Amino acid sequence: MSVEVPGKILEEYAVRRNRLGLVEFGGTRRPIFLDLVPDAHVGDYVRVHVGFATERVSEAEALRAYQELAEHEETAELALQADESTPDAARRRKPR
Amino acid sequence: MIPQEFERVARAYRLLGDLEPKHLRKLVPLAEDRQFRPGEIIFKERDRSSFLYLIVSGEVALEMRAGGAMIGLQKLQAGDAMGWSALTEDGETHFQARALTPVSTVAFPSQGIREACEGDPEMGYALMKRLLELVTERLDAARMQIVRVRHDAEVAQQA
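Those sequence lines, one after another, are chains U and D. 1 is the number of the first residue of the first sequence in the numbering used here; add one for each residue after it. 1 is the number of the first residue of the second sequence in the numbering used here; add one for each residue after it.
Chain U with its partners taken away, still in its complex shape (with noise of 0.2 Å):
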C-alpha cells in the first residue's frame, strides 16, 4: 500500500510558457508545475503526479494525510519487527 502525501508550495516561479512551484513534501523540496491548478498559490497544499501538481488540497486534508502515512509507517515498521521473529526469519538470517 502506498499513501499519496500533499506537498506544500514554498515559492512560485513563471519559467518559459509555465508556472513552476517549490513544493515541500516531509522535508524533501522538488519543483513541481503548476500549469493543472491555476488556483494554488505559495501556502497552499497540492497533491503531485509525475512532477504535476494535480489538485489543491486543503490544509485540514494534508495534515489528515500526513498522519495517516506516519501510522502506516509505523504499521509497517511493526510488521517488519513480527516477521522478523519468526522462525522462518531466524532460519533465513542463518549463514549458509
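Quick caveat, the hints were computed from the structure, so don't treat them as lab data. Model, not experiment: these values are computed from the prediction.
Derived pair list, reagent style DSS-like, types lysine-lysine, alpha-carbon separation capped at 25 Å:
| hint | chain 1 | residue 1 | chain 2 | residue 2 |
| --- | --- | --- | --- | --- |
| 1 | D | 129 | D | 22 |
| 2 | D | 22 | U | 8 |
| 3 | U | 8 | D | 26 |
What the simulated footprint calls covered on chain D by chain U, stretch by stretch (three residues with Cβ under 8 Å from a Cβ of chain U suffice, anywhere in the stretch; the number is not a length):
| hint | region |
| --- | --- |
| 4 | 2-10 |
| 5 | 23-34 |
Ideal Cβ positions, reconstructed from N, Cα and C, are used throughout, including at glycine.
Take the given structure of chain U and dock chain D to it, following the hints.
Using the frame of chain U, we list chain D on its own:
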C-alpha cells in the same frame, strides 16, 4: 531571479510543458515514474515498445546491432523522448536503449497513450507536433554526428 534548477526542470519536461493544460489533464494521469540503474536495458531492438519515455534526468545510449556488434548511435539526455514506436501500429522498437547513469523518466503506457490520442485528436495532434520537433532535433544531431565522423576519418586519412 529564477533558480537554475527550475530552468533545468522546465527544459527536461518540455514535451509536456508546451502542451495546453486541457491536454495535460488527460495525459498526466496516464504517466508513471520509471527509474533505471546504470547499465540497465530500457528496451531492446526489435522489441514491442511498451512505453513512450520522457527523460527527466540522466543519460541514455541508443544503440543498434550491426555486423554482430552493438554500435552506439546517440546519447540522449533530459528533455529527450524515446520509445516513440509505442505510438505506431506495430510498436516495434528500432534501437536498443541502455541507461548510462541513473535515469529518471516519465513513462506513458503505449495502449493508454494511443487510446488517449485517438479519443482526443486535438490533443493527439498537439502531442505529435511536439514529438515531431524532438524527432527532428534528434535527426539533426545524428546528421551532425555523421558529418563529424566523416570529417575525423578524412583528417586521419590525410595525416
